[in-house]
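Build the complex: two chains, separate frames, hints provided.
Each chain is listed here by its residues.
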Amino acid sequence: MEFQDYNPLEGKMYEVMNKDGKLTKKEDLPDLKKDELLYLYKTMLYTRVIDEKAISYQRQGRMLTYAPNTGQEATQVGSAYAMEKGDYLVPSFRELGAWLVRGVPLKNIYLYWYGNEWGSHMPEGVNVLPISIPIASQFSHAAGIGMANNIKGENNVAVAYVGDGGTSHGDFHEGLNFAAVFNAPVVFIIQNNQFAISVPRKKQTKSQTLAQKAIAYGMEGIQVDGNDIFAMYNVTKKAIDKARNGGGPTLIEAYTYRLGAHTTSDDPSKYRTDEEVEPWKEKDPLLRFEKYLREENLIDDKWVKETKEELEKDVVATFESIENKSDTEVEDIFKYHFETMPPQLEEQMNDYLEFLEGGK
Amino acid sequence: MANKLNLIGAVTQALENELAEDKTVVVYGEDVGVEGGVFRATAGLQEKFGEKRVFDSPLAESGIVGTAIGMAINGLKPVVELQFMGFSYPAFNQIVTHVARMRNRSRGRYHLPMVIRAPYGGGIRALEHHSESTEAMYAQIPGLKVVIPSTPYDAKGLLIAAIRDPDPVLFLEPKRIYRAFRQDVPEESYELPIGKAKIVKEGEDVTIVAWGAMVRDTQAAIDMVKEKGIDPELIDLRTISPIDRETIVESVKKTGRIIIVHEAPKTLGLGAEIMAIVNEKAFLYLEAPPTRVTGFDTTFPLPKGENHYIPTPERIAQTIEKVVKY
Numbered sequence: 001m002e003f004q005d006y007n008p009l010e011g012k013m014y015e016v017m018n019k020d021g022k023l024t025k026k027e028d029l030p031d032l033k034k035d036e037l038l039y040l041y042k043t044m045l046y047t048r049v050i051d052e053k054a055i056s057y058q059r060q061g062r063m064l065t066y067a068p069n070t071g072q073e074a075t076q077v078g079s080a081y082a083m084e085k086g087d088y089l090v091p092s093f094r095e096l097g098a099w100l101v102r103g104v105p106l107k108n109i110y111l112y113w114y115g116n117e118w119g120s121h122m123p124e125g126v127n128v129l130p131i132s133i134p135i136a137s138q139f140s141h142a143a144g145i146g147m148a149n150n151i152k153g154e155n156n157v158a159v160a161y162v163g164d165g166g167t168s169h170g171d172f173h174e175g176l177n178f179a180a181v182f183n184a185p186v187v188f189i190i191q192n193n194q195f196a197i198s199v200p201r202k203k204q205t206k207s208q209t210l211a212q213k214a215i216a217y218g219m220e221g222i223q224v225d226g227n228d229i230f231a232m233y234n235v236t237k238k239a240i241d242k243a244r245n246g247g248g249p250t251l252i253e254a255y256t257y258r259l260g261a262h263t264t265s266d267d268p269s270k271y272r273t274d275e276e277v278e279p280w281k282e283k284d285p286l287l288r289f290e291k292y293l294r295e296e297n298l299i300d301d302k303w304v305k306e307t308k309e310e311l312e313k314d315v316v317a318t319f320e321s322i323e324n325k326s327d328t329e330v331e332d333i334f335k336y337h338f339e340t341m342p343p344q345l346e347e348q349m350n351d352y353l354e355f356l357e358g359g360k
Numbered sequence: 001m002a003n004k005l006n007l008i009g010a011v012t013q014a015l016e017n018e019l020a021e022d023k024t025v026v027v028y029g030e031d032v033g034v035e036g037g038v039f040r041a042t043a044g045l046q047e048k049f050g051e052k053r054v055f056d057s058p059l060a061e062s063g064i065v066g067t068a069i070g071m072a073i074n075g076l077k078p079v080v081e082l083q084f085m086g087f088s089y090p091a092f093n094q095i096v097t098h099v100a101r102m103r104n105r106s107r108g109r110y111h112l113p114m115v116i117r118a119p120y121g122g123g124i125r126a127l128e129h130h131s132e133s134t135e136a137m138y139a140q141i142p143g144l145k146v147v148i149p150s151t152p153y154d155a156k157g158l159l160i161a162a163i164r165d166p167d168p169v170l171f172l173e174p175k176r177i178y179r180a181f182r183q184d185v186p187e188e189s190y191e192l193p194i195g196k197a198k199i200v201k202e203g204e205d206v207t208i209v210a211w212g213a214m215v216r217d218t219q220a221a222i223d224m225v226k227e228k229g230i231d232p233e234l235i236d237l238r239t240i241s242p243i244d245r246e247t248i249v250e251s252v253k254k255t256g257r258i259i260i261v262h263e264a265p266k267t268l269g270l271g272a273e274i275m276a277i278v279n280e281k282a283f284l285y286l287e288a289p290p291t292r293v294t295g296f297d298t299t300f301p302l303p304k305g306e307n308h309y310i311p312t313p314e315r316i317a318q319t320i321e322k323v324v325k326y
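Here the protein sequences come in this chain order: A and B.
For the first sequence, position 110 matches number 110 in full-length UniProt numbering, and the numbering has no gaps at all.
For the second sequence, position 228 matches number 228 in full-length UniProt numbering, and the numbering has no gaps at all.
So here's chain B without its partners, still in its complex pose (with noise of 0.2 Å):
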């Protein structure tokens, strides 16, 4: 049976499967119990479930994580909420020093299955700090997997198999299009494979990757060159770490072009690092430069100035064009 869900939907049905699947799963965090979260995206799993297994925390992101270690050590599954990217410094020395190497630093005598998951990105009009897309400070971190979707569909599955991955997960949700569409997701479980790309579209002119709000972004980019005859193909990241490197690869050493589109910082984005693993894997197929679109290596501008940073459709076509005459 499917519905029809909008992302934000699909992460409550995947949390609600899970729980009732799993006696092991908890789920917790800041407004999370009786409030449902502050993006709804718990809400009512608290009535479903009882407060033993969905529950407020103090605001406290640190202890949040920090707790959520503990539990996956005594034999849980928690899944906690931090309500918002640019609030997971506080308990970003927990994941560093502890969520990211306990395997490794145990030598697999202990292992996190644990899920911390963040709304990211900007474009909502929100206070300062409630729009970061820090991601790839937290892809560079070893022992750590981080999970952005970009559809419905994809959220529920995602979270899903990150929620059964023995090992801790980020999972960043793209906090603009919680609601911006519907999809049919299937309502019983299912899993979409963590560290897998998906080839949004086949094209043949120019490979563009991106993840999370952007795939949106891009796919309008896509239809505004449609009509100058340009055909790109677009890969939804999916994992921004570890990075599918064989499905961006293939693609590029068939288009011979690439682009990647990210809302984070340009310098020691993941755009850089995409563009490594091509020049590394694929050099000699490039007919081009591989070339970025991105925020800037700025704060994140209050709601007045958000729509500079973010890239809009506008500019990745004017980018596309560029890079496919080249």
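With the rest of the complex left out, here is chain A (with noise of 0.2 Å):
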């Protein structure tokens, strides 16, 4: 597969599967062991299972907003499973995939969307960035991760996220122009949902397709199935490995669709039909995936259902370690500002303090 030949304009889009999970070109799967296969299979039912909880916990009053990926998990796995040690993920706030993928702990997750800050302490060696909610902001961070590796004469590579309505935003813009005029090894991908919130992927851009604003930059730029775990891998391997050997920035727009809402206050039947999502089911990345595993006998339903019933226990556990013994520390409010308190802010803490004191 070459970028060229799935030139954005032409209203090209790369696959190597297809909804029914038969390969429609063979030369192009990877080459990838049973083992890993299975991790990846693993791994995007694990992020189903962690937005079927979420949701759950949410509707029970047990969780805050969560903001599901169902639908993407191919886009985020995929992608994600083509970086390296050292590569830096740079995240918008819908990548649940890719962050286990890169080693965030499922506990990090729900802490951050259970609503403490300790959910974005990433452990040291896992190089991802905290969710990023300011839309698009961080593909400029992206573009200086990569500045800095060339500057230090390093060869990791920033993989960084946004929406299709992120496309919109200045940022984005800034972000790629960095990059590009810099020569930066960062790999920009846009999960094109077809959504921001409500608005609908064609009240974003007049463009044809969110890829081929990768040419305005210089760059290339490819429109991807993003519900086909086999291209996003491709070309996502494709894309870092180019970055990786001086050969700068790619854009990739991944093709896919969010099943669910926005986020758990959202309700997507105030802005499309059910008529409208029933195709995507049918292109449901892990229905995919899993026919594709089935006619490899690669899995059956005995795996399946166990593997899913693992996978949920574990969910289950790291919810209830974190559910009501999460409150925020008050000294944690204040210590994390500055390397060093200033008096004002110790000033704060100490009063605060006293009168929680004074109030037991």
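Just so you know, the hints here were simulated from the structure itself, not pulled from any lab data.
Heads up, the beta-carbon is just placed ideally off N, CA and C, and yes, glycines get one too.
A hint or two may mislead.
As the list claims (entries may be wrong) - Label pairs and their in silico Cβ distance ranges:
1) A276/B <-> P200/A: 48 to 54 Å
2) L59/B <-> N350/A: 31 to 37 Å
3) T312/B <-> E346/A: 47 to 53 Å
4) G115/A <-> E321/B: 34 to 40 Å
5) K196/B <-> S265/A: 44 to 50 Å
6) I215/A <-> E188/B: 48 to 54 Å
7) N350/A <-> E321/B: 55 to 61 Å
8) L59/B <-> Y271/A: 34 to 40 Å
9) L127/B <-> K12/A: 46 to 52 Å
10) N350/A <-> A272/B: 22 to 28 Å
11) D267/A <-> Q140/B: 53 to 59 Å
As the list claims (entries may be wrong) - Cβ-to-Cβ under 10 Å is the rule here; a few derived chain B residues that face chain A:
12) A20
13) L76
14) Q94
15) H98
16) R105
17) G123
18) S189
19) L192
20) K198
21) G203
22) P242
23) D244
The structure is reproduced here in structure tokens:
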């Protein structure tokens, strides 16, 4: 596969496996061993289970606002699996599958959505930036990480994510532009899930594709079937290898669909019909990959059932390990603004602690 | 060894010292590389340290600050220049939502040793948007330090301290006095503490707090009232966030009076905060109402009107007399 064979201006989209799990480009089947394939499937399933449980906890009043990923698992898992040790993941806020692949513990993820900053305290060695809610602002961070690699002569790559709505943002443009001007080793991934909350993709831009925006920055862009784990892996791997070898940044548009709500506070029935969603359910990336794996006799009913049960157990145990045990330590609110707390902040903290003690 | 430097020269030398001493320091911004910056703050640095460490960036403030965030996370100490404070607003989102809170929101996993330099203030007969003093907007952001030097010596020591600081610093340079005077400045590196004000002149009758270019105008005002037997104490705040409360409060306890002088609009300017500090910490020592001499709650006027806006030594002197006679 070559990027130039998929000119986004010609409306071409890269795909390896169709919605029935059949290979449409056999020669592009990535060279992944059985345990790798099962890991990818398991991580996609894990992502799905984490979502389902989080939504259910939220409905029960046990979890705060949560942004689900259902339908986008292949985009997230496939792209992140192409990353290597030392690479930086620069997320937006809907990249659960990618965080898991890059070693962010579920406990962190749930803690964040549960309302505690410790969720964004990534373990040492896990080069994942905190969730970035201000849309597209993270794109220039990724460019900066890449620029720093060039300056230091290191060959790590930054992989940044944004949604389709984010492509309208100034920071989207500035991040791509900086990365291109400085030939920074960055891979920019648009998770085009067709909606920015309620606003459909076609109202974000008059461009035919989002991938074609790359052309204006002098970089390669490609539209990929984001529900095809093999396509996502191949394209990201190619872009990462290119970046690592001095080829500069790439823009990938992962064409996918948000099957769920924007967040648990959103009601998609206000802006889209069931008829519209239905065909996308048939393209469900998890089912598609499952069909392939079953066809190849790599998994069966028993394996799927047991794996799901095992994952559910893990998710429940993780949630229960934080539930009602994650109230913020008062000192933590103050302690992490500067390496050394300024006197006025210390005074505010001590006054408040004194108030709390007096209240006891 | 000392050299006679003006404020802009001191900035250049601070950058030069730190580029030489610390390989992780990089300097960039619009026109910063080949041209050496529109005010020449980075003149000669690219020649000396190469294009990898001192370079021109695309014309995009949000991108400049945003990329600096990424660099700081990835082990560098970026010192970026925003050409004028009036053009810092495209980067405001990055400063508020990421620069100032990366350490807190990651509970210390990431921190940003970076400096954003920007010339600020009026009085150079500049175009629209080139004369702003919106330091108070930035001083209210938790997690961000804001430093303003008023002399060449301070500019060098404070900028070096800012570059070595593990947390992000907005370093605002009073461009009106970039070339106003020269001072003996050590050629070698030295740091001045961030968060410490300086008593420029001791006095008994009234405490005056100022920063940036206003320090010089206040000194001129003090010279004007001297012949009337008034002896003010002048504090140069040097860091406007976090404010050195102790120095101000101790001074007011001695003088019983306070005047704050700033170029920025009056309402919710830093003067208001300093008055609040004095009220909280030295209320019973006060012999006159805390008073401000400031710009107006108006847009900064174009050059034909800017002399009315910026507090002059005459306005400051008149206020000193009023407060002392109260």
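Structure-based check of each hint:
no.	hint	in the structure
1	A276/B <-> P200/A: 48 to 54 Å	holds, 49 Å
2	L59/B <-> N350/A: 31 to 37 Å	violated, 46 Å
3	T312/B <-> E346/A: 47 to 53 Å	violated, 39 Å
4	G115/A <-> E321/B: 34 to 40 Å	violated, 56 Å
5	K196/B <-> S265/A: 44 to 50 Å	holds, 46 Å
6	I215/A <-> E188/B: 48 to 54 Å	holds, 51 Å
7	N350/A <-> E321/B: 55 to 61 Å	violated, 41 Å
8	L59/B <-> Y271/A: 34 to 40 Å	holds, 37 Å
9	L127/B <-> K12/A: 46 to 52 Å	holds, 48 Å
10	N350/A <-> A272/B: 22 to 28 Å	holds, 24 Å
11	D267/A <-> Q140/B: 53 to 59 Å	violated, 36 Å
12	A20	violated, 16 Å
13	L76	holds, 5 Å
14	Q94	holds, 6 Å
15	H98	holds, 6 Å
16	R105	holds, 5 Å
17	G123	violated, 31 Å
18	S189	violated, 20 Å
19	L192	violated, 16 Å
20	K198	violated, 17 Å
21	G203	violated, 25 Å
22	P242	holds, 4 Å
23	D244	holds, 9 Å
Of the numbered hints given earlier, the model fails hints 2, 3, 4, 7, 11, 12, 17, 18, 19, 20, 21; all others are met.
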